[in-house]
Amino acid sequence: MIDRQQLQRREFLRLGVVAGAGALAAACGWDGGELVRPGLWSISRVNDWVGEKILYSPTRLARTYDARERSASLPSYFISRTMPMLGDPAAWRLRVDGLVAQPLELSLDDLMRMPRVSYTVKHHCVEGWSAIASWHGVPVSAIVERCRPAKTARYIHFVSFDADYSNGWDMASALHPQTILAYGMNDNPLPAAHGAPLRLYSPTKLGYKMTKYLVSMTFMDARPGGYWEDQGYPWLGGI
Amino acid sequence: MTASPAPIVRRHHWIVRLTHWATAIVLAGLIASGLQIYEAYTRFGNRGGPYFVSPFDGAQFPHWSRLGGWLAGALNWHFALAWPLVLFGLLYLGYLVRSGEWRALLFRPRDVPGAVEMAKYYLHLRREHPPQGKHNPLQKLAYTSVIALGVLAVLTGFAVYKPTQLAWLTALFGGFQAARYWHFWIVWIFVGFTIVHVILVFVVDPASLRAMLTGAYRGRFPSHD
Chain A
1 MIDRQQLQRR EFLRLGVVAG AGALAAACGW DGGELVRPGL WSISRVNDWV GEKILYSPTR
61 LARTYDARER SASLPSYFIS RTMPMLGDPA AWRLRVDGLV AQPLELSLDD LMRMPRVSYT
121 VKHHCVEGWS AIASWHGVPV SAIVERCRPA KTARYIHFVS FDADYSNGWD MASALHPQTI
181 LAYGMNDNPL PAAHGAPLRL YSPTKLGYKM TKYLVSMTFM DARPGGYWED QGYPWLGGI
Chain V
240 MTASPAPIVR RHHWIVRLTH WATAIVLAGL IASGLQIYEA YTRFGNRGGP YFVSPFDGAQ
300 FPHWSRLGGW LAGALNWHFA LAWPLVLFGL LYLGYLVRSG EWRALLFRPR DVPGAVEMAK
360 YYLHLRREHP PQGKHNPLQK LAYTSVIALG VLAVLTGFAV YKPTQLAWLT ALFGGFQAAR
420 YWHFWIVWIF VGFTIVHVIL VFVVDPASLR AMLTGAYRGR FPSHD
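Respectively, the protein sequence lines represent chains A and V.
Residue 152 in this note's numbering is what sits at position 152 of the first sequence, and the numbering runs on without skipping anything.
Just add 239 to the spot in the second sequence (first one is 1) and you have this note's numbering.
Treat the hints loosely; a few may be bogus.
Unchecked claim - Listed below are the simulated DMTMM-like cross-link pairs for lysine to aspartate or glutamate, each with C-alpha atoms no more than 20 angstroms apart in a straight line:
(1) K401(V) / D170(A)
(2) K373(V) / D444(V)
(3) K401(V) / D48(A)
(4) K359(V) / D444(V)
(5) K401(V) / D88(A)
(6) K401(V) / E127(A)
To be verified - Chain A is nowhere near these chain V residues, computed Cβ spacing over 10 angstroms in every case:
(7) A298
(8) V336
(9) G339
(10) A381
(11) A406
(12) I438
(13) R449
As the list claims (entries may be wrong) - One-sided and incomplete, this derived list gives chain A residues near chain V with beta-carbon spacing under 10 angstroms:
(14) G32
(15) I43
(16) Y56
(17) R93
(18) V126
(19) E127
(20) S130
(21) P203
(22) T204
Hint data in this document are derived by calculation from the structure and do not stem from the laboratory.
Since we're looking at a predicted model, the values are computed, not measured.
Quick reminder that beta carbons are idealized off the backbone N, C-alpha and C, glycines included.
Kindly generate the complete structure, drawing on both the sequences and the hints.
See below:
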C-alpha cells in the first residue's frame with residue numbers, strides 16, 4: 001500500500017516534470033505511467049469518436065491504383081509462434097453469429113459464390129509504411145444482408161485462429177463498400193502469410209484492424225476489444 | 240543608448256503569453272512523441288521504394304528525446320497533444336485578427352528594405368541597430384514563417400492521420416509518404432527556429448523574455464508599431 005502511494009507520488013512528480021517546459025524531455029520513453037495513461041486512453045476514445053462521427057464518410061471510396069503500380073513487397077506478420085495453418089482447409093467455415101436473425105456457417109465456396117469486389121489500393125500500416133496491393137473477396141455488406149443483424153448490433157467482433165488475435169469494428173466501417181472478406185491477393189488465392197483462407201480488408205483502416213486467419217464474425221451491442229487495441233493502440237484505426 | 244531608464248511598455252496580451260508558452264510545451268511533447276513514432280518506420284516512401292532522400296534514414300533518436308516508450312504510447316501522446324496545438328493556434332490567430340496585432344507581425348513586401356538593413360546589422364555590415372517598432376522586419380519574417388509552419392504542421396498531420404477520408408489534403412502534399420516527409424521536416428525547421436529564437440532573445444534583447452512572462456517590457460526597443 002505504502003509502496004503504491006510512493007509509486008503514485010513518483011508518477012505525480014513525473015507529471016510535474018512534464019508540465020515544466022523544456023524538462024519534458026526528462027520524461028523520455030514514458031507512456032504516461034499509471035497516472036496519465038488512463039487519461040491518454042480516454043482522449044484516444046474521443047479521437048475514435050471524432051474519427052467515427054466527423055472524419056468518416058460511408059460513401060467516399062479510397063483511391064484505387066493500376067495493378068502495375070503494386071509494390072514489390074507487402075510485409076506481414078502473425079502473433080503465433082509459427083505461421084497459422086489449417087489442418088484441414090476443407091473443413092474450415094466462417095461462423096457468423098451474435099445479434100443476427102440468421103446465423104451462418106459459410107465455406108470458402110459459399111463465399112466465392114457471393115458478390116465479388118476487387119481493387120488495388122494503398123495499404124497503410126500504423127508504423128508509417130505503406131504499400132500498394134490488389135485484393136478480392138466478398139463485401140462485408142453482402143454478409144450483413146444475409147445474416148440480417150438486429151438494430152441493436154452496432155459492432156462486429158472479428159476473430160482469428162492466430163492465437164488470440166481479434167479486432168472490434170464499428171458497423172459503419174464494416175459496411176463501407178470497400179470493406180471485404182478477402183480470399184485473394186494480387187490475383188492469386190490469399191497466401192498463408194497474409195491470412196489464408198480469409199482475412200478482413202479495407203482501405204479505410206490501418207493494417208492492424210484487418211483481421212487475418214478469420215474464423216468468426218460476431219455482431220454485438222457492446223464495443224469489442226482487440227489484440228493491439230487492448231494494449232493501447234487506437235481502437236478505431238480509421239484513416 | 241540613452242542614460243535614462245527605459246520606459247515600461249505593456250507589450251504582450253495574456254492570450255499571446257498563454258499561447259506562446261502552452262505551444263512551447265505542447266510542441267515539445269509532439270516532437271518527442273513524433274520521434275518515437277518515427278522509429279517504427281525510418282524511411283519515406285512505399286515499401287520497395289522509391290524513397291525520398293533523407294539524412295535520417297534508419298536513424299534512432301536518443302532515448303531522452305523520445306516520449307511514449309513504444310509506438311502505441313507515442314501515438315496516444317501525439318494524438319492527445321495535437322488538439323491543444325490546434326486549439327492554442329486558433330486562439331492565438333483569433334487574437335491576432337481581433338486585436339489588429341497581425342499588422343505588427345505580418346511580413347509584407349514593404350518590409351523587404353528593412354529586412355535587408357537588419358540583415359546587414361546582424362552581419363556586422365552596419366554598426367547601428369536600425370530603428371524598429373514592436374518587431375523588426377526580420378522578426379516579422381521569422382514570426383510570419385513560423386506561424387505558417389505551424390499551420391503546415393497541422394495540415395500535414397491531418398494528411399498523414401486520415402489519408403483516405405482527407406485524400407484531397409494528402410494529395411495536396413504529394414501523397415501519404417510525401418506528407419509524412421514534410422511533417423517530419425517541419426520538426427527540424429521548428430527546432431532550428433527555436434534555437435535561433437532563444438539565442439537572439441538572450442543576446443539581443445533579454446528584456447523580451449520578461450515581457451513574454453509578465454507582459455511588461457522594459458528594454459532597448461520600447462516603441463510600438
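message: Flag every earlier hint the structure violates by its number, smallest first.
response: When the structure is compared with the hints, numbers 5, 11 and 17 turn out to be violated.
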